[in-house]
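**Student:** From first to last, the protein sequence lines stand for chains A and B. Residues in the first sequence are numbered from 1 upward in steps of one, following our numbering. Residues in the second sequence are numbered from 301 upward in steps of one, following our numbering.
Keep in mind that the hints are not guaranteed to be accurate.
[Said to hold, decoys possible] Have a look at the derived ranges for each label pair, beta carbon to beta carbon:
id	chain 1	residue 1	chain 2	residue 2	range
1	A	D16	B	L338	56 to 66 Å
2	B	L503	A	D16	24 to 34 Å
3	B	R650	A	G106	39 to 49 Å
4	B	M649	A	A216	48 to 58 Å
5	B	R320	A	E60	43 to 53 Å
6	A	A161	B	L330	34 to 44 Å
7	A	A161	B	M533	39 to 49 Å
8	B	R650	A	E58	52 to 62 Å
9	A	W171	B	T572	49 to 59 Å
10	B	L330	A	E6	36 to 46 Å
11	B	L338	A	K110	46 to 56 Å
12	A	Q280	B	L503	55 to 65 Å
13	B	L330	A	E58	53 to 63 Å
[Claimed, not checked] Straight-line C-alpha distance at most 25 Å; calculated BS3-like pairs for lysine-lysine:
id	chain 1	residue 1	chain 2	residue 2
14	A	K111	B	K308
15	B	K394	B	K378
16	B	K568	A	K55
17	B	K419	B	K458
18	B	K375	B	K391
19	B	K441	B	K419
20	B	K350	B	K391
21	B	K394	B	K375
22	B	K419	B	K375
23	B	K441	B	K458
24	B	K490	A	K55
25	B	K350	A	K131
26	A	K110	B	K308
27	B	K350	B	K308
28	B	K419	B	K350
Derived from the structure by calculation, the hints contain no laboratory data. Glycine included, every Cβ here is placed at the ideal spot set by N, Cα and C.
Given next are the chains, with one letter for each unit.
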Amino acid sequence: MVQTIEVSGLRKRYGDVQAVDGVTFGVEEGEFFGILGPNGAGKTTTLEIIEGLRKADEGEVSVLGLSPWPRNPGLLPRIGVQLQASSFFERLTTREQLRTFGSLYGVPVKKADAMMELVGLEGKADVRVEKLSGGQAQRLSIACALVHDPELLFLDEPTAALDPQGRRNLWDVLRQINTQGRTVVLTTHHMDEAEILCDRVAIMDAGKILRLGPPAVLVRGLDVPARISVASGVLAVADARLLPGADEAADDGISLTITTRDPSAVVAAMAAKDALTGVQIHGATLEDVFLELTGREYRA
Amino acid sequence: MSTFGSFKSLSRAMFLGFGRDRAALFFTVLFPLMFLVLFGGIFGHQTTSKVNVLEVGRAAILDQAVAGGGGELGKVMKVTRTPDRAGALRKLEKGDADAVVEQSGNELVVHYSAADQVKSGTVRGLMNSIVQSANQSATGKPPAYSMTTRQVEDGSLKAIQFFTPSLLGWALASAGVFGASQTLVTWRTKGILRRLQLSPAPLPTVFAARVAVSLAIALVQFALFVLVAQLPMFGLRLSGAWWMAIPMVIAGVLAFLSIGMLIGAWAKTQETAQAMTQLVVLPMAFLGGSFFPLDAAPGWLRTVSYIFPLRYLNEGMLNVMGRGLGPMSALPQIGVLMGVAVVGAMIAMRLFRWDAV
């Protein structure tokens, strides 16, 4: 089966920095693919090489069966790119913006106008881009990337700087775009976002892919204990430590937290003691996988 | 992909963006026009005032000359009668009058002040010729010599004839350099260049659209300048090959856009680009002869002025719009400006960067 994106042995160096250091992966048609990594991991450079904005020092890239470099006018109409910065023409309204970008691809005015509906900006048609809120501007930039109906969409940190409502609203839009059959490639450093949206993720650091797979598989592969917490005082700490499967227990006066690698046995035992008031179970998340792989130390 | 469609729509987008930018509109269109109105108003009516003569009592020789002169004397001299001799002399001393004239018997006495040498000279010459012609007619013989006068076309440059093309040159230079440098830097820092690079629209189309918008703005500036300067209060007269100013304007805009592209390609931030633009445009406007005529400037300044492309635009437009020279006279300047445009664009292309990193 032909993959939408095939990358092998990609390398790119800027001066002393090896930004991309031997990256190999493939993205299948219709897939929602995420690239995760801390700042400076090489995500953006990798994307830019795939999009055809930069030339790789080494390695092969094929997008929809074509080579993106040098600038390939046969490929460009088939991909859509939403850039990190909201790159709009100054002082144009939402509608004018979409029509202008559409015209670069020969998209009729009517179709360009219809994009406003897809991202929920019908009410902002005559508002200038400078007056849009962060979330609205982000949705407009996605609409601009989609205006020519591309088969493959690249999103570079689309929910950066959005509030929780804005992020969830945008997730709905992105899911809808993906279910229409488009392949979507996304970079983000929000782990919850990747976990919710992506079929598969690649975790990058220092120019290399450290792990690649569906988020759930990556999380399961991580040997991180689950934490079960109940209201403080429901069970004595000493009793909790003796529960079958419990590794460790602690009470901070608000919650009693039990650490375990066998959460089902612990919960069953607690149920038998009728000690499940306010129970919450926290498993490992993609964030744990990410921190495990890239380290917890803060990099300024 | 319809290249023309992209061109049209990009031009439209940029024109709308420009039209909605109040500050840009003010500085490129209104501000230079204000200078034209100001300079045209200040320097437009600079005529030498008439000689002011006070006539004490009755001076028959003077009265006859004024009555018989067919109004010619009235153009250069204003005669006011006064019975107060002492008051008239005091006025003369204070400079409120240029001469006091009285007749005693057959003698015409002319009092003058040496404060204004030109006016006192004029008044003495006038009075002398009045007395001479009175003497001549007293002999009853026809004059031995006669004089006929013929006016030639006024070759001196009226203020408005100078300021219209030269202030227009300044307006075009600042709009062109500023427009191109700001567009390039803004597009790069905002990522619009990236976005355009990712679209299938051919890149020359994108730049052609920017040039087309600048040319359109320049022609609007030209039309406004010429129309305002032709209002009766300013009185610009367009002669002969004035239309040759249009290709001059186009060549000038191309040259300035290319300088602006050079700045825009080099500068990393909008602030740098703005400062650099001022640094280029202002000295160029002063030394290139936009604010004062260089004809009277020292030789070295005139030599230096030819470093600036604006000098060629000013000179070329002045020749066809102000001095009424023929259409061919503009060709050397057009050639220089086109050369600047090509060389500037070539260097700008070498310095060009797609992204801000």
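**Student:** Next step is simple, just say for each hint if it's right about the structure.
**Tutor:** Outcome of the hint check:
Against the hinted window of 56 to 66 Å, the Cβ-Cβ separation of A/D16 and B/L338 comes to about 58 Å, which satisfies the hint. B/L503 and A/D16 have their C-beta atoms about 31 Å apart, which keeps the hinted 24 to 34 Å range intact. Separated by about 32 Å at the C-beta atoms, B/R650 and A/G106 break the suggested range of 39 to 49 Å. Between B/M649 and A/A216 the CB atoms are about 51 Å apart, so this pair conforms to the stated range of 48 to 58 Å.
Taking the beta carbon of each, B/R320 and A/E60 are about 46 Å apart, inside 43 to 53 Å as hinted. Distance hint for A/A161 and B/L330: a CB-CB separation of about 38 Å, consistent with the stated range 34 to 44 Å. Between A/A161 and B/M533 the beta carbon distance is about 56 Å. The supplied range of 39 to 49 Å is therefore violated. Checked against the given bound of 52 to 62 Å, the beta carbons of B/R650 and A/E58, roughly 27 Å apart, lie outside it.
Hint check: A/W171 to B/T572, Cβ distance near 40 Å, so the stated range 49 to 59 Å is violated. For the hinted restraint 36 to 46 Å between B/L330 and A/E6, the CB-CB distance of approximately 57 Å leaves it violated. With their beta carbons about 50 Å apart, B/L338 and A/K110 fall inside the hinted range of 46 to 56 Å. Between A/Q280 and B/L503 the beta carbons are some 56 Å apart, a value that agrees with the proposed interval 55 to 65 Å.
Between B/L330 and A/E58, the C-beta spacing of about 56 Å keeps the proposed range 53 to 63 Å intact. For the hint pairing A/K111 with B/K308, the CA-to-CA distance comes to about 18 Å; that is within 25 Å, so the pair holds. With a CA separation close to 18 Å, the supplied pair B/K394 and B/K378 stays within the 25 Å bound. A C-alpha spacing of about 23 Å is found between B/K568 and A/K55, which places the hinted pair at or below 25 Å, so the restraint holds.
Restraint check for B/K419 and B/K458: satisfied, since their Cα atoms lie roughly 23 Å apart, inside the 25 Å limit. For the suggested pair B/K375 and B/K391, the alpha carbons sit about 22 Å apart, so the restraint of at most 25 Å is met. Our distance criterion of 25 Å between C-alpha atoms is broken by B/K441 and B/K419, whose separation comes to about 33 Å. For the hint pairing B/K350 with B/K391, the CA-to-CA distance comes to about 16 Å; that is within 25 Å, so the pair holds.
Restraint check for B/K394 and B/K375: the C-alpha separation of about 24 Å stays at or below 25 Å, so the hint holds. Using a Cα cut-off of 25 Å, the hinted pair B/K419 and B/K375 holds, with the two alpha carbons roughly 14 Å apart. Straight-line distance between C-alpha atoms of B/K441 and B/K458 comes to about 44 Å, which puts the hinted pair past the 25 Å bound. Restraint check for B/K490 and A/K55: satisfied, since their Cα atoms lie roughly 22 Å apart, inside the 25 Å limit.
With a C-alpha separation of about 63 Å, the suggested pair B/K350 and A/K131 falls outside the 25 Å cut-off, and the hint is violated. Our distance criterion of 25 Å between C-alpha atoms is met by A/K110 and B/K308, whose separation comes to about 17 Å. In summary, the hint linking B/K350 to B/K308 is not supported, as the alpha carbons are separated by about 60 Å, beyond the 25 Å threshold. With a C-alpha separation of about 9 Å, the suggested pair B/K419 and B/K350 falls inside the 25 Å cut-off, and the hint holds.
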